[in-house]
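> If you read the protein sequences in the order shown, they are chains A and B. Read left to right, the first sequence gives residues 583 to 859 (my numbering). Read left to right, the second sequence gives residues 16 to 294 (my numbering).
Possibly wrong hints are sitting among the right ones.
Computed, partial: chain B to chain A, Cβ under 8 angstroms [unchecked claim]: (1) Glu37; (2) Leu75; (3) Thr204; (4) Ile206.
Per the computed footprint, the stretches of chain A lying under chain B, defined by three or more beta-carbons under 8 angstroms from a beta-carbon of chain B, are [said to hold, decoys possible]: (5) 644–658; (6) 695–703; (7) 730–744; (8) 804–810.
Hints listed in this document are in silico derivations from the structure and should not be mistaken for laboratory results. Since this is a predicted model, take the numbers as computed values, not measurements. For every residue, glycine included, the Cβ atom is placed at its ideal position computed from N, Cα and C.
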Amino acid sequence: MIHFENVSIRYRVPRGGSRSLKEHMIRRLANRLAFDEFAALKSVSFDVADGENVGVIGRNGAGKSTMFKAICRVVRPSDGRVVVRGRLAPLLELGLGMNAELTGRENVLLQGALMGFSRGAMQERLPSIAEFSELAQFLDAPMRTYSTGMVARLAFSVATDVDPDILLVDEALAVGDERFQAKCRDRMAGFREMGKTVMLVSHSLGHIRETCSRVLWLDQGRLVSDGPMDVVAEAYHEWSGQEAEDASAFAERRELPGRRDIGEVSETRGTAAGIGP
Amino acid sequence: MSSSRLARLDAYYDSGERGFPELDELLLLWRYRGLVWELMVRDIKVRYKRSVLGIAWTMLAPLLNMVALTLVFSALLKQQIKNYPAFFMLGSMYWAMFATGTSFAASQTHDANELAKRIFLPRSVFVVSAAGVALVNLVLSIVPLVVILVATRFTFKATSWFLPIAVVLLVAFTLGIAFFIFTLASRFTDIREMYLVLVQTWFFITPIVYAPSIVPGRFRFVLWLNPHYFLLQTFRTPVYDGMLPPRLVILFSAAIAFGTLAAGWSFFCRRIQDYAFRS
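Work out the full structure: start from the sequences and follow the hints.
This is the structure we're talking about:
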């Protein structure tokens, strides 16, 4: 169960972008210490019941990531209240925190610990992780010898080899070659069949259309629409087509390369060297 | 109440529920104790992964250091310190624990905060694991210490068994400072560099390579203002002098160590979330 009650999230960004104490002091002395406040979510309310499959759409900077971060308590709401009941598995950035110097096996144990699992629990899971990722014979090789696809496969296998009540998925996750992607989709479908709550975030409607019955549409931090798939999808489709035309016309006129989005604070995906040595 | 809170940490979250940040973080740290261990394993393994001598470096490095410094300082300093190798080894073990523990914690701020912005985990695990790695190194350097003590025909006294208590105080003090530095370095990127300079200076005003008695009377107050002066005495005296430090020094050391830990922990718990998100 996920409950959002008038949730607003604001970030304070120091103007000028510097983070050093020297700059801070100089600006304080010159009385020029200023912060920009940036609202990533503006008074968003909704409820997701157990077993529901909900898609979240919106373009870059709409607040999708921030919303997920609030659900998995990485960010506290500035106003309002978030309640989550059930064990959470956030599949947001695969391979985060993996280390290239460590072996696959060591990385699995580290990943497990990052998700809050004990060493013993992860060791029990190793065989099924090795099997799903099809990397059994590479588990004792250092991660730097893995291809990008292999890293992604291992990361996905670790992240989904859990028994959560709620699954948060970023669609950009489909990893590996086509065959492995199909395997990933099967595993996701399995979660849905078991009656788990699934929230899926995406820029486009493609995948959401197949899997979700309900859609939340976010734009500039506001919940524009919350309703059945077909209704919201149609409205979003119409609106985004219109927006795209406006944007390209605007860019042409001003000779701008495009829109700069500041919304999603971090869009970077995890890499093999997520945290260095 | 707190045990039931620990039990439902994973399955229930209400942002409106606010307890004491110090207690909440402590419960989470306990919940993620496995991660502290994995991070320590990672850091130790990664450091020695590609070196031939591996972990033996941890024991060889202080030995080489000691030989060089003994040669330099016994020639340079006019004062005669009996069994300078033992005197210096103990001081250098003490300092290595403090300096590497705190600066390693500071060097992890960026990666730790980037990680904690994406997955939920208590940031204190990074500070505790940094101090843990330094503690492992301290324990390993007991081997070269014993080698030196035996080689210099040092007579062990029973008071050496006081050392574990002194280590507990040292770890508490190191953690306290590490929590401060980690928090500040999360807010300002240049804190880390400043801290490294501070540690250098701090090393020279602490009587590690020299005996406190060479400090002229009018500068003696500098020693008294330095918390390391008391903690180092508590650490070195039981082994080197074969007697317990004055009771007042022990009490004072304990007060400094646990006071710093409590203050650093509280500062960390109340500020870290805010600071880390200002970037």
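> Now tell me if each hint is right for this structure.
Each hint, compared with the structure:
1. Glu37: violated (17 angstroms)
2. Leu75: With a minimum Cβ separation of about 20 angstroms from chain A (threshold 8 angstroms), the hint on Leu75(B) is violated.
3. Thr204: holds (5 angstroms)
4. Ile206: holds (6 angstroms)
5. 644–658: holds (count 7)
6. 695–703: holds (count 7)
7. 730–744: Since three or more residues must qualify, the claim that chain B covers the region 730–744 of chain A is violated, with 0 doing so at under 8 angstroms.
8. 804–810: It is violated, with 0 qualifying residues against the three required.
Hint compliance for this structure: hints 1, 2, 7, 8 are broken, all remaining hints hold.
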